[in-house]
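Enquirer: Based on these hints, arrange chain R on the given structure of chain V.
From first to last, the protein sequence lines are chains V and R.
Positions 1 to 330 (the working numbering) are the ones given, in order, by the first sequence.
Positions 331 to 716 (the working numbering) are the ones given, in order, by the second sequence.
No wet-lab data here; the hints were simulated from the structure.
Misleading hints may appear alongside valid ones.
Derived lysine to any residue pairs resembling SDA-like cross-links, with alpha carbons at most 25 Å apart [unchecked claim]:
hint, chain 1, residue 1, chain 2, residue 2
1, V, K295, R, V641
2, V, K295, R, I496
3, V, K295, R, K660
4, R, K563, R, L533
5, R, K660, V, P77
Partial pick of chain R residues on the chain V-facing surface, computed with a CB cut under 7 Å [as the list claims (entries may be wrong)]:
hint, residue
6, G484
7, Y504
8, V654
As the structure is a prediction and not an experimental result, all values here were calculated from the model.
By construction, the Cβ of each residue, glycine as well, lies at the ideal position given by its N, Cα and C atoms.
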Amino acid sequence: MRTRAEAERLAIDTGILVNLGFYVSISIIFAILALGFNLQWGYTGLFNAGIAGFFLIGAYTAAIAITPPTPPSTGYPGHLGGFQLPLAVGALLAMAMSGLAAALVALPTVRLRADYLAIATLAFAEVVRTVAINLEPVTAGTIGIVGIPHILNFSGPNAAFLNTATDVGVGAAILVGLFLGLHFIVESPWGRVLRAVREDEEATMAVGKNTFRYKLQVFAIGGALMGLAGWLFALTLLYIEPSGSFAPAITFSVWVMVIVGGAGNLRGAIAGAFVIYGLEWLSVQLKDAAPDFLKDSIPYIRLMIVGVLLIILIIYRPQGILREKKRVLR
Amino acid sequence: MAIPSESDSSTGTRVPHRLWELLHFTPRARRKLVRGALVTIIFLAFNGVLAVLFGVTILNYTIAGLSVSSIVIVAAIGLTLVYGMRGFANFAYGDIMSLGAYVALLVNINGLSLIWGAILSFVVLALVGILLELIVFSRLEGRGAVPPIVASVGVGLIIQNGIRTIATTTPWIYRVEAIQEIPIVPGLGVHPIRHILTPAVGLLFVLVTHILLTYTNLGKAMRATADNFELAKATGIDTKRVTYATWAVSCAFASTAGILLGLYGLLKPTMGFEVLLLIFAAVIVGGIGSPWGAVLGGLVIGLSQEMSAPVFAWLAGPDVIGLVNASAYKVAIPFIVMIAVLILRPWGIAGRAPAFTGRVFFIERIAKALGRRRKPTGPLEDESGG
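The following block holds chain R by itself, in its conformation from the complex:
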């Protein structure tokens, strides 16, 4: 109260002085918050209905979904940052995650705590990201989307098979204390690592990303560069430095996501590649280049995959269709969600529709499917009078 608020306008960046200013949302943000709250309430109500209908144990799937979502979100934020800035899909991202997990393992099996492993892996992978941009991807700037994809597959092959050569293909496991699940009610429990630590780390990374992109100069420069590279350059942003920083952040996020993935199951050389589809689906569902979209997409993808498990389990019943290995099919769900989003809203649920192609995209298609033709516009083609 004592601090005069006039001092804001004199400096370039707006520094919030009071808590209230942080909470003073624009109307657009407020609308989004209301919408988010509504979706959350509907989701909770849905889970409540499920619990009443099928018993409390069905909530295990929701908890697992939130946990998987957290891993996907951390990875998808990292992937979408580089995707938005450089405009190509980094197919090596899954293998970069595995690399992060194995770097942490190297520290962990030498007797240090996994936390130190995670910190070291974070730093090492940030350096790896900078090196990748320096050695490979900076040479492919301005060559379209396909050459960087090919190069990233090359990077992924080198990392994945390097891990296979050095760490062998036998699965590893982190040296952490064995922890029991904490039962809440009979049949429903939470695992301290899988269901508490993982979502907590996911939440932490979402907050860190939000602060980085909204309140720091680097984050603002990153957003500006991703939005319009030439304009950002003309404004005086050191786009080269920003690109390196984005690669560092992206790969550092990958290391943490990889470690969380390693804690969830076993460490295998293909562990990252196996979840790459999940992460791409989250990025596309959320809208490429949008970190908040990646959060939403990660939630949609993780929850839909895990919550489809009971449906497949039901299909496995002998009197339904007796599907064998039913639980394996849940990996197809992210793909189906992704294709649906690509048909209905190719710019993602949080992305902005392109100005020109706009909504015509889908409506035109419906019109075609119904067999109607657009009204002829030229006078020569005008045959409607006959």
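One chain only, chain V, in its complex shape:
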């Protein structure tokens, strides 16, 4: 997720604390994405290849809902908006839109083999990104949506620090809440059905569960979590643009996070997000120290490492570093 905005931010905020806070808040966003994907794939076996698309829908819905009206100026086409809704309403709208989109994509494909769902979601994410790039009256095109407010708007000499601290605090509170809520959900009878669907769908049908409905529900909930991550992303970066931040590489990074952490393991998904985004953050920090011939290709080398990790982990450690707890029937 190396966007121009991030680069600018890193250039402006020299304080080490602000920089670290930025790392933590982006890691939290990735952790929420990983939790959503983990619910879909790790617990239910629904493989989502369009995480970036649901993330984008959440971010744009939130940004359009909460931004103040932007006066059209030269060079900025303006976007749909000016609603200035409260932040919480923005979050709810983002979750609703992403969840709805996830349910719509899942409806025709979730009944078929896993690869159809993967193809349809990947295609969906690319179509959504194309629309975001081109539907200028709504999304302001490649320039993106600017002027997203801070969660609490501080001013003064310590504004940067205080704003980052708020981002981290709000993100951490959401993450803890989600962790507890999801823990409760996956340990409930409902969550047990999800694992049953993953292990043997036909046997689950045979005991009278409507697996199609469960799969649809879980895909929509996972999509809604990704929408929530998008809302937080918009509030943290204050600026969203469709080209870099919502590229398919985001989806692939989330896969690595969940596979590293262990599919079907909530703590693992969060740990994976912090570790893998940590590598990315470090590669950005080390850019200045790198020799000249490497400088420009660092992001590409990082993505190649992600690719190698995906292959090696899926071949040798498909359960991840932290495995799912073995459950024994008593």
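Expert: Leaving out everything else, chain R in the frame of chain V:
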């Protein structure tokens, strides 16, 4: 006439001795041919109507559609072969296409003709395919559909970013002579590379695939392995060798598709990934694992995408809805066609319906949408009397 036809039955494989035997179709094939001819005639008539209504220039979109279709068909045949045999979607396929295009570029910028580049790239990519199966995908056999998808994304990331590191992100262009369009009538012309060479190569690859799969032992073994792996193994087919051969053919086809794509526009590291959706849509529309389906799907996808362009251009008009950047939305059309096929006919337009789920799939859904319930079957649930 002089050759006795009895000699056929003595050998295992049937060798056609006369031209007539090649044309002696089974009733099923004949029905398909008649249907194909009908669709072609309707399509031509449709284009005729378009030309009369909107002028001849509208046929430019049809020509562009056929050209895009040819690229998609070559790629989709290669993708569907491996898809049918190994049962997973190769997400690296687009990046393998880019790799093929860049290998040809490497030969081309060193002063050789692009034809030599294409031949070398064909061979190199066949080897790459064998290596991929050897190093990565053979280890994931029997693990379901998702682990190979994840691994293929890893392969794609390595290839795409390897290209970015080595060849930089600046677009390249093949060194070929600049050729002018040949005008047919004012406003309608054909480009020798885009509109003649590309469809010709596409047609050639379709014919080669047909001959390979129908008349050679390797092709028959490939079809048998894709149809039923265990049975093919039990029959004595060396399924391992066949799998390697399929990977080689698949990636070699990808190289040619990539070069055609590079000739169509510029060479970029993401060029292949950008058309991956198109190719998957063609494969799914045609029915996974069916090469002839891939041809049909490629035609449907390529033509529908390009021929939707004038509709979007019309939507861009200020008195319609004034859509900005209207031409960019045509990439959504393959996705919509794919979703429609997944709802109505998930096994594809050329695929065979699964024996058990059959047609119930859609009819059941309509019944549900109309709010009707299936008749209760058990005596305990029978409340219809009340």
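Enquirer: For every hint, state whether the structure bears it out.
Expert: Verification of the hints:
1. Our distance criterion of 25 Å between C-alpha atoms is broken by K295/V and V641/R, whose separation comes to about 45 Å.
2. Taken as a hint, the K295/V and I496/R pair is honoured in the structure, with Cα atoms around 13 Å apart against an allowance of 25 Å.
3. With a C-alpha separation of about 37 Å, the suggested pair K295/V and K660/R falls outside the 25 Å cut-off, and the hint is violated.
4. Between K563/R and L533/R, the direct Cα distance comes to roughly 33 Å. Violation of the 25 Å bound is thereby established for this hinted pair.
5. For the proposed pair K660/R and P77/V, the alpha carbon gap of about 23 Å is at most 25 Å, so the pair holds.
6. About 3 Å separates the beta-carbon of G484/R from the nearest beta-carbon of chain V, less than 7 Å, and the hint is met.
7. With its C-beta approaching chain V no nearer than about 23 Å, Y504/R sits outside the 7 Å limit, and its interface hint is violated.
8. Nearest Cβ of chain V to the Cβ of V654/R: about 5 Å, under the 7 Å cut. The hint holds.
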